[in-house]
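So the sequences go chain by chain: U and A.
Sequential numbering from 1 applies to the first sequence in the numbering used here.
Sequential numbering from 1 applies to the second sequence in the numbering used here.
To be clear, the hints were calculated from the coordinates, so they are not data collected in a lab.
In this text the structure is predicted, and so the values were computed from the model without any measurement.
It cannot be assumed that every hint is accurate.
Unchecked claim - Among chain U residues calculated to face chain A with C-beta under 8 Å, some are:
1. Lys89
2. Ala91
3. Glu121
What the hints assert, rightly or not - EDC-like, lysine to aspartate or glutamate: derived pairs with alpha carbons at most 16 Å apart:
4. A:Lys75 / A:Glu121
5. U:Lys167 / A:Asp84
6. A:Lys135 / U:Glu183
Glycine included, C-beta positions come from ideal geometry on N, C-alpha and C.
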Amino acid sequence: MTDTPLPPASAPQPAPAASVNSGNLGFLSIFQDVGGVLGGYLVTNTWGRPLEFRLSSAVQPNKVQQILYGPTLSEYLHTELIGKTLIEKTATQPGLVIVDSLAALGLRAQINIPVVGLAPEHPGSADPLAALPADVIGFTHPRSSVPLVLSAKFAHDRPEIEAALDKVDQSVDLSEPFVRVREAVSEARKMGVANRAA
Amino acid sequence: MPHEEEFPTLPTEGMAQDEHVILEIDLLGELDALPHPRFERPLTVSVRDSKMLANPPWVRPLGRLELNVQTEGWKFPAPPPEFDKPPPPRSEPAEKPAGRRVVELAELPDDHTDPTGKPKEHIRPRPTADTVIFKDRLLYLLQPPLDGLFDGRSLGVPFEPFPYQLEGIAFLMPRQGALLADEMGLGKTAQTILSLRLMFHQGMIRNALLVAPKPLIFNWSRELKLWAPDVPFEVFPADPELRRATWHSSNCPLKLINYESLTRDADMAAHPKTFFDVVVLDEAQRIKTPGSKTAEVVKSIPRARSWALSGTPVENHPDDLANIFAFVDPGRIPKDTPPKQLRVLTQDSILRRTKDLVQSDMPPKLIRDLEIELSPAQKAAYELAEKEGVVTLNALGDTITVQHVFQLVMRLKQICNFDPRTGESAKLEQLVSDMEEVAANGHKAIVFSQWVEPLTAIAAALEKFNPLQYHGRIPQAERTPILDRFKADPSCHVILMSYGTGSVGLNLQFTNYVFLFDRWWNPAIEDQAINRAHRIGQKHPVTVTRFISENTVEKRIADILDAKRKVFNDLLADADKPTSLGLNEDDIFGLFDISSRPKRG
Chain U
1 MTDTPLPPAS APQPAPAASV NSGNLGFLSI FQDVGGVLGG YLVTNTWGRP LEFRLSSAVQ
61 PNKVQQILYG PTLSEYLHTE LIGKTLIEKT ATQPGLVIVD SLAALGLRAQ INIPVVGLAP
121 EHPGSADPLA ALPADVIGFT HPRSSVPLVL SAKFAHDRPE IEAALDKVDQ SVDLSEPFVR
181 VREAVSEARK MGVANRAA
Chain A
1 MPHEEEFPTL PTEGMAQDEH VILEIDLLGE LDALPHPRFE RPLTVSVRDS KMLANPPWVR
61 PLGRLELNVQ TEGWKFPAPP PEFDKPPPPR SEPAEKPAGR RVVELAELPD DHTDPTGKPK
121 EHIRPRPTAD TVIFKDRLLY LLQPPLDGLF DGRSLGVPFE PFPYQLEGIA FLMPRQGALL
181 ADEMGLGKTA QTILSLRLMF HQGMIRNALL VAPKPLIFNW SRELKLWAPD VPFEVFPADP
241 ELRRATWHSS NCPLKLINYE SLTRDADMAA HPKTFFDVVV LDEAQRIKTP GSKTAEVVKS
301 IPRARSWALS GTPVENHPDD LANIFAFVDP GRIPKDTPPK QLRVLTQDSI LRRTKDLVQS
361 DMPPKLIRDL EIELSPAQKA AYELAEKEGV VTLNALGDTI TVQHVFQLVM RLKQICNFDP
421 RTGESAKLEQ LVSDMEEVAA NGHKAIVFSQ WVEPLTAIAA ALEKFNPLQY HGRIPQAERT
481 PILDRFKADP SCHVILMSYG TGSVGLNLQF TNYVFLFDRW WNPAIEDQAI NRAHRIGQKH
541 PVTVTRFISE NTVEKRIADI LDAKRKVFND LLADADKPTS LGLNEDDIFG LFDISSRPKR
601 G
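Work the whole structure out from these sequences, hints included.
See the structure below:
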């Protein structure tokens, strides 16, 4: 009898990535607002044209929640609570989800779609990839003006991510739609829609 | 536990273990203090304590531990399958249809950064102030930037639009009612076509109608093939029965019709089953006359969006603008609105740019007013004709009308062109001399006249420059080949055009010289003629020569028109004076020393 080594208990069970039959892209931005942490999620086609947009209410953890969730709070908010909810409630499913923060990379463990992130800016560093944490893999692609990252736990997604990005129109820059998402969230706040979602 | 049997027993028979029962206690009656097995001393029961006992565990709540989030979403129109094709693969070279120049990526500067390295501001459609539904506002806020879309890598275009043209597209796309009033030559056609193309791609519109003057339909067809090769279009045929089928049966997303056919098809155009997501009026000044059949038919078309294109939305009077807005946004301008309020009421729906404003790098337009002394024969004929004409007008007394004066003006202008007896022409001598220089330098020129007859005489005099003629007497089918030949044949140095036929819609930016052999009544028409050559794509300065016979009625008219020319631009800026831009009745009577005036009342 041969013992098969089990993965460490802390490692997530890597869900097989959904086949990228949809060329659509999902842009998920989660950020801190005055009312708490909230998310905006835009699904576009491969030309970058909007297909669907979803907005979350702002989540403001209270003191007890902050204490009890401890250091897991940020990732929980970004991935399980806001990210996963937004993606699951959106009717148009993407073939690839792009996030703009490292905290949201863990979303990949919650959904069956490859997740890639924009590498954070490091103003003092000439090479943004050099400053990445150990559990993150950095790479570049012509469709993004900033380097891309994915979770090292899901390194096997990379060929699929690159194949999906190759199908994206050349006028699209992956960092640009996040500007639109934030403008839309700002507009929602101005028109009181953000409060309605809450 | 001696007192255990003294506890009230609960009816447990037939109950599940975790079911609760309500123990009825007469709190108002006398209660005994009962010993409890968990406590050393009997408890003193009070109402408050009994409530606490009934709500174990005995902890103070700290609030909810779980976090919740709500979401709200909006789905946008899906692009129809024919416009939702995957982008071209990166490895394949850009498609190059015959006769088109697709910009090569390698030739393009990086348009995402300026020379200082700062990211450029993207040009994007923005929701208008009157877009109140959040979903509609989102649709425009979430559109991708226009810059980069047309750089030749993705969507086929003959050349990359200028930034101001992208701003024009960003202006048109979100507007239900819009007047694109760019100066002629700035590419209103391309901006409109690209706006429609993007909206078809996005699924914002499913069908559109484009109304244009008959001579321009071919030009629109050609431009559509260039700027939107993936958008099918159909031109309404001349045959009424075939047109009927086009109105009722055709599913073509974009249809083109001329004003005359549209007017004849008034019933079908206004039919409730007819509906267009966009109706575009080219040369929208055609509906400046309120109550005209053209204006009424155009306004009757059931539609969601109304776009008007005109480089001269105010040809004669500020009311022209109000009448165009009766189509663009019915009800926007109340009846009898003072001209000074027009600008306030319309400014958010008008976009007007001039070449000076947007094209600082465009070659200049050099205006050369050439005052020509009449030849002796012309001078004699002119003086005699004017003298006799004035006598005749004065003899008319109060039966005189403006038409009588017009007849004299026309007669004198014709003499300024050619002496009726000898055929002498000082202007023609000058023109032949100028054309020698034009041809010697390998350039091309356009000559405009109000009449066809002078053009025929000019053609004979310019024979060695292989002149081509383009005017109302040239059959429609022959006109396009003439333009093609003028462009392609290096030996053809001049084309002779009438203002009526050649002043609008034609792209002759390969021409560097324009001669106005005689002057039109309205400076706006002259500008249109000049801008056949001085338009986007022009790489060299354009010299405009305006022939004016000195000491004649031509000079007097020119002085009046020059004084009024600036009013047009003033109205679209800050002017508040309602002034006629062409010659009004007083102007015409003032051309001659006549005392007669029409009888009023």
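The hints, checked one at a time:
1. Lys89: holds, 5 Å
2. Ala91: Ala91 (chain U) check passes; min Cβ-Cβ to chain A is 6 Å, inside 8 Å.
3. Glu121: It is violated, given that the least Cβ distance between Glu121 (chain U) and chain A is near 13 Å, above 8 Å.
4. A:Lys75 / A:Glu121: violated, 27 Å
5. U:Lys167 / A:Asp84: Holds - the C-alpha atoms of Asp84 (chain A) and Lys167 (chain U) are around 13 Å apart, at most 16 Å.
6. A:Lys135 / U:Glu183: This hinted pair holds, its Cα atoms lying about 14 Å apart.
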